[in-house]
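Chains as they are written, first to last, in full-length UniProt numbering: chain A, 1 to 288; chain B, 1 to 477; chain C, 1 to 321.
Careful: at least some of the hints might be erroneous.
Stated by the list, open to error - Partial pick of chain B residues on the chain C-facing surface, computed with a CB cut under 7 Å:
1. P271
2. E277
3. K326
Source of the hints: derived by calculation from the structure; they are not laboratory data.
Where is the CB? At the ideal position from N, CA and C, for every residue including glycine.
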Amino acid sequence: MSDRMSVLKTYKLFIGGAFPRSESGRSYPVNDHRGNFLANAAQASRKDVREAVTAARKAFPGWSGATAYNRGQVLYRVAELLEGRREQFIAEVAASEGVQAKRAQSIVDGAIDRWVWYAGWTDKLAMVFGSSNPVAGPYFNFTMPEPTGVAGVLAPQQSSLLGLVSVLAPVIATGSTAVVVSSLDRPLPAITLSEVLATSDVPGGVVNILTGRAAELGPWLASHADVNAIDLTGAPESMRADLERAAAGTVKRVLRAPSSEPDWTRAPDISRLKRYLEHKTVWHPVGV
Amino acid sequence: MTTWEYAPAPENRDIANLKPNYRMFVDGEFTEGTGEPLKTVNPATEEVLAEVSTASTSDVDRAVKAARRAHDRVWGKMPGAERAKYVYRIARMIAERARELAVLESLDNGKPIKESRDVDVPLASAHFFHHAGWADKLSYAGYGPDPRPVGVAGQVIPWNFPLLMAAWKIAPALACGNTVVLKPAETTPLTALVLAEIVQQADLPPGVVNILPGAGDVGAAVVEHPGVDKVAFTGSTDVGKIIQRAIAGTGKKLTLELGGKAANVVFDDAPLDQAVEGIVNGIFFNQGHVCCAGSRLLVQESVADELLEKLRARVSTLRVGDPLDKNTDVGAINSAEQLRKITDLVASGEAEGAERWTSACPLPDKGFFFAPTVFSGVSQAMRIAREEIFGPVLSVLTFRTPEEAVAKANNTPYGLSAGIWTDKGSRILWMAQKLRAGVVWANTFNRFDPTAPFGGYQESGFGREGGRVGLEAYLDV
Amino acid sequence: MVAPPTASGLTPEFADVTRDESSLRRFLHGLPGVDQVGVEQRAAGLGTRSIKKASKLWAIDTAISMVDLTTLEGADTVGKVRSLCAKARRPDPDRPEVPKAAAVCVYPDLVETAVRALAGSGVGVASVATAFPSGRSSMRVKIADTELAVAAGASEVDMVIDRGAFLSGRYGQVFDEIATIKHACGDAHLKVILETGELATYDNVRRASWLGLLAGGDFIKTSTGKVSPAATLPVTHVMLQAVRDWHDSTGELRGVKPAGGIRTTKDAIRYLVAVHEVAGPEWLSPELFRFGASSLLNDLLMQRRTQLDGHYSGPDYVTVD
């Protein structure tokens, strides 16, 4: 055994491509499933939500305006980098979720594959969700999907990595940008993922990850007028109706949560992508 | 020179087959509602057209139960090909009774007969015809191999396109295998009840379509009824928010088609004469009672004076008056309440310093009318630039560069529609990408088609009506 | 280029426009485009105006007074022209209150016949000229053609433009030809036939209209009647917009004449509605709007009788000339 002291990581928030501490100065201890201390995580506040939404809004024009091919490559690059830090994620998932190494491996592999799956969607959305419409008149008419905008995502509380990736990747695949509140008790994989995102080609602000309490931050996200959609997956069940009501204040798109957390290992479908897409119909006369 | 006055050319109101009393339609029967009856008024004359029975909470309950039975026992499991034939029948019968429906619509709503005749009624029929064909092709619509209906749809529609909005709601619902409980607007219940007659004549199973007239409380009862699986609403953003709140936590599927404050952007290289037509059509079509109306005109400064001059000259030729007159371009404001709202907002525009120009056209002595009005010198901060007026009032702003046009156009919580006028193809496509709106009309405005999805971004709502994507609202996917 | 047309007091701006070929091209190509779907929809929309009772009778009488009663056949004879002139003077012999037609329109060699037959009637004599209908001849011939007609007493000359020159972009040449013919017309009014059926696009119709106005045409006219399509409502809309805009710019009133294919009262009324609502009420006069037609007049007369008699009339109650 080496007697060298290891250097511990300070887990921070991820906002606008940077890693600030919470403006509130708050942190909270994160334990493994046996109750052993793992690290202190920053406990984000409503002002951190505000900063994150600002960053996400700022990033939206660039990200939504990037070519679909480019977005696909960026998402694929996330998978590549995740693959490179596979061991670290396996260890963190195992510690956070209390699963055996083999199970943790399969979870991490699933998360990597999920990025690959969504990476492949970016340049197919318009083909699958768009249409040319044969209107009864001398017009060329087409419908194209466009990203909804800034999405607030309350990430799953149980599945710290695969669940997180499953709810985050579809947001940015569409060209929307995200403000994520990670699992409260299992936030470490989320922070490590943000380190991956920061060193990949995902532009700063496209993904913002806050650690802290969904119960505290959810209402601020749900009521924030500059947020266009909200995913309630990780919201406490008792708060979901209230969050939905708050979201109605600016007619947000709401992803309701099933009563229990889904099995994230199941193959994904397009339903999450659809929630972050608007349809724009364009008319133009045809003449000489 | 002699002036040429067009003689009155009124459509014959007898064609409307107006009856003194109308009843609600529940479970295949016209029955007396137990709510307080309402009197529906011709907004062009302020005369009472008919008394209409309204639904009470218990009527809503009865209707939802009838719809549930019809869904579970008949409609939901009927083969799509059979459902299709019912819906085709409705399309055909609307076309057969087109003239009657048009006259009735103009009487009840106040819109000019040329619009009810050439737009509302034909489009309503087309909407049923288009969706009928989907009924047995849903497995090809991109929602999986055998998408199922949602169940009972509670639908609440506005007064601006009474029959057409009923068609937009009912046609996709039926095609997808849902049954419906629909509440028409308080001030315009009549054509929806004639549609109910058509539903009866088309021999739809009882309970598949239920029409419950009434005011907002009936709408709330429909929306909040626990037996309703899906809510569809078209109307104001304020009410849309109330509905979204009301169904929070219930798991009901929801689509909202709400208000708008569309920018109609005219560049200096636009086909100006057609742009003028498009502007006029954009804001004076249906008295401006259009959620997607081009109520904010953004003109490039270099052409603003010329365009405004042409616009005022053109607006001066609009004929305001008797909705039944075939030569009327702008009919009656739908209600005294709406007229008051328009008048208030116009007063605010004047108070805030915008320059008002109103057509000198004569207005009838009776009825609710408002002369076409154009405000110039409007700034983004004024109420008339931000709030939906829902009347024949246009706010004109200017811009210098395409970026400025986009920034101003998008500077609103709404996002329903937008217009672009330019002869430069690449600029059209650039603008169409940048504008945050669900419908973008380039070198045209206010066109609708059952194959073309319609709906908003942001606070203009979510979900689409029409086209393949419109089916999603009525499928359990 | 030849000197600017004498009759049109071109504003300095427009004088500059016609200075040389490239200025002219820049100006014509700088005119706002015309969206086909938009203009056709507007024309169709206005076409649904329902003109009834007194307003219909007024429209019929106005339309009669705007007819350029036309015969432009190889088989035209002195006799045919005389009977047409009689018809123009008194369209409905039973009803002397019916207005007379605006003019009789013939080939140059029959102008003299028409002038004689119409002497003192106030009905004009229009002659086609400039190698009508194709315009394919030398300038010398075109000038001679015009001079012949004017010398024979034509009060109006309907010239054709060189569509070949126009379509190949030689706008200066077209301008010069019109200006030259205008000069040859002397006091006679010049109608410039654009032959819109050969111009292919509404953008071209707009450019040709402005070219005709800049070069001094008193009227711009759609068609020779020898090419299909002849006059259409949307083409007429574009031309009415041109004279309206010309008036807005210069204060001058110029006229429009759709010709060919207008056969029924219903058609004619649609055109009058367009005149009324696109150009403006002041254009509702034979001074500023004409119909080039042959069979239209009889339908107008028949419908006039129907309006006044309260029952439908028939073709045997109007004269066939």
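Check: Taking the least C-beta to C-beta distance, is E277 of chain B closer than 7 Å to chain C?
Finding: 5 Å, holds
Next item on the list: Go through the hint on P271 of chain B and say holds or violated, using the shortest Cβ distance to chain C against 7 Å.
Entry: 4 Å, holds
Note to self: Using the nearest Cβ pair, does K326 of chain B come within less than 7 Å of chain C?
What the structure shows: Since the shortest Cβ distance to chain C is 4 Å, the answer is holds.
No hint from the list above goes unmet by this structure.
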